[in-house]
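Novice: One-letter residues, chain by chain:
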Amino acid sequence: MKAAERAVPSAAAPAAGVPAGQMPDRDNSARRVALSALGILAVLALWQAVMVVFKVPHYIAATPLEVVDALRAQPVILAINAWPTIVETIGGFVVGNVIAVVIAIGFVHNRTFQHTVYPLAVTVRTLPIVAISPILVLLLGSGYAPKIAIAALITFFPTLVNMVDGLNAVDPQAQELMHVLSATKWEVFRYLRWTTSLPYLFSALRIASTASLLGAIVAEWIGSNRGLGYLILAATYDYRTPLLYATMAVASALALALFGLISVLEGYFVPWRRTGGAAG
Amino acid sequence: MSVMVDAPAIELGDVGMSFVLPDGVLEVLRGITLTVRQGEFVSLLGPSGCGKSTLLRVIADILPPTRGRAAVLGASPAEARRTRALGMVFQQPVLLPWLSAEENVGLPLRIGNWGARHRPAGTPDALLRLVGLEGFNHARPAQLSGGMQQRVAIARALVSDPKVLLMDEPFGALDAITRDRLNEELLRIWTQVRRTVVFVTHSIAEAVYLSMRVVVMSPRPARIRRIVEIDLPYPRQPRMKDTPEFTRFSAELRAALEEAS
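Which chain is which? The protein sequence lines are A and B, in order.
1 is the number of the first residue of the first sequence in my numbering; add one for each residue after it.
1 is the number of the first residue of the second sequence in my numbering; add one for each residue after it.
Calculated from the structure, these hints are not laboratory results.
A couple of the hints might just be wrong.
To be verified - Example chain A residues on the side facing chain B (calculated, C-beta under 7 angstroms, incomplete):
id, residue
1, Ala49
2, Asp165
3, Asn168
4, Pro172
5, Gln175
6, Leu177
7, His179
8, Val180
9, Val188
10, Ser263
11, Glu266
12, Phe269
To be verified - Partner residues aside, some chain B positions facing chain A, computed with beta carbon under 7 angstroms:
id, residue
13, Ala60
14, Leu63
15, Arg67
16, Arg82
17, Ile111
18, Asn113
19, Trp190
20, Phe246
The beta carbon of each residue, even a glycine, is placed where N, CA and C say it ideally should be.
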């Protein structure tokens, strides 16, 4: 009887275990990177071919090779203008998400607070961001402040909504367990709610990473003489089309870098998600 | 300890439970009077959705009864809960997926800093050994089978040394073979720790095999239809399931259930 009992766990473990599950995963991700690189290269080649075959003038649209030339010819102007955008993007990302998480925690623990503030947050969200930008520039001047504020504003809402959902996504039986253990509200938060919400938080952060860059660039269109947003406008007016495309490439690279960073952090802070969801 | 040592493990007096719903009142429990002695293994048997789990939640102080009295070891269920006189095992294992098996078992000791202020039944490691999971201390729940997860849940319920163990269809979601094996394990653990167990099930065979007494409940609103003493000796052996006595108890319970429905 006892021997049979023991045999079950040891036989079941390798089948569901990490080593068996992860190796093919790693092969898969290498394959996926190769495939996506192939896709991008194919689109670039097609683009170059279309431009050459139809003889599109370079002030209308740039070829991939012209974009590469622009990137190599003007690294300083791109870098000088990328820096403020990086500061605004990360500043807005941090400010917007921290406020969203704090308010979401407040919502979950105080219904009155939620009923007072949630409609307000939704209303602010409905205001078009391009309309708010000039207002914030008037209020906050032309430095970093209004850009960070706009980037924060645009990241705030998705994180708030996801975080409220995440903090409430606790299994009812797990809440009963906490009750039977006479856990305080703080202990329920610390041992159950916070960690339950992390996958939701990281989904929101991935959205926020690209959104906050968008916010910073839009903010720079209004009353700014530096930053990638400013450079986009300047290059457009001067018909420096290759530089315009190069600026977009830099902006895209920034968003990708932030997105990648969030994904790496997610793998570190939410490791159980990879080994396959919640029990039960 | 404000719970009384020589009081009955559980006393229910005319317990009733109704929920107010938008389209009327749903009566789930009616006039439940029951006494469970300390050290007893009692099963609550009834059709699905009859209110057995609700009754367990009244005892566990998760739901307050709308009428009647409930007492655990002579104290209120709330008092019993605060002093960890109650342990609970749910239908699902309800393990925290980010914690290892050992950390899951140790969770009750961390909450309220209980482990530092009281004497636990054993270390999480010792309890994992008790439920037959030695060597799986660092496994995450997702790496364990359903039966193993439920063993972890049993170890967690026992870690703060409760006098009364409440089990809400703990093996209902498992396949028949795993379920039989865990029934064996549960009886082995029960004879080792000698705690009062209240076990909710809708399996007649499980109820007969495990229990000293089986409380047969009617469909909603649940009332006690009959209490059957299972006069089979412990330790129980799987081959007892083929004896005429076992069959007779099963038939008696089945008859009581059919009369109830």
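Novice: Tell me if Pro172 (chain A) is really an interface residue toward chain B, meaning its C-beta lies closer than 7 angstroms to one of theirs.
Specialist: With Cβ-Cβ at 10 angstroms, over 7 angstroms, it is violated.
Novice: Tell me if Leu177 (chain A) is really an interface residue toward chain B, meaning its C-beta lies closer than 7 angstroms to one of theirs.
Specialist: Holds - the Cβ of Leu177 (chain A) comes within 7 angstroms of chain B, reaching about 5 angstroms at its closest.
Novice: Checking hints one by one. Is Arg67 (chain B) an interface residue toward chain A, by the C-beta closer than 7 angstroms rule?
Specialist: violated (22 angstroms)
Novice: With a cut-off of 7 angstroms on the beta carbons, see whether Arg82 (chain B) makes it to chain A.
Specialist: Hint holds; Arg82 (chain B) Cβ to chain A Cβ min 5 angstroms, cut 7 angstroms.
Novice: Holds or violated: the hint that Asn113 (chain B) contacts chain A, with Cβ atoms closer than 7 angstroms.
Specialist: Hint violated; Asn113 (chain B) Cβ to chain A Cβ min 10 angstroms, cut 7 angstroms.
Novice: Hint validation: Phe246 (chain B) versus chain A, beta carbon distance must be below 7 angstroms. Holds or violated?
Specialist: Violated - the Cβ of Phe246 (chain B) stays beyond 7 angstroms from chain A, reaching only about 19 angstroms at its closest.
Novice: Restraint: Ala60 (chain B) near chain A, CB-CB cut 7 angstroms. Satisfied or not?
Specialist: Because about 6 angstroms separates Ala60 (chain B) from the closest Cβ in chain A, which is inside the 7 angstroms limit, the hint holds.
Novice: Take the shortest C-beta to C-beta distance between Glu266 (chain A) and chain B; is it under 7 angstroms?
Specialist: At 13 angstroms from the nearest chain B Cβ, Glu266 (chain A) fails the 7 angstroms test, so the hint is violated.
Novice: Quick check on the hint: Asn168 (chain A) CB to chain B CB, less than 7 angstroms?
Specialist: violated (17 angstroms)
Novice: Go through the hint on Leu63 (chain B) and say holds or violated, using the shortest Cβ distance to chain A against 7 angstroms.
Specialist: violated (10 angstroms)
Novice: Just to be careful: measuring from the Cβ of Phe269 (chain A) to every Cβ in chain B, is the smallest value less than 7 angstroms?
Specialist: Hint violated; Phe269 (chain A) Cβ to chain B Cβ min 10 angstroms, cut 7 angstroms.
Novice: Restraint: Asp165 (chain A) near chain B, CB-CB cut 7 angstroms. Satisfied or not?
Specialist: violated (18 angstroms)
Hints 1, 2, 3, 4, 5, 9, 10, 11, 12, 14, 15, 18, 19 and 20, counting from the list given before, are not met by this structure.
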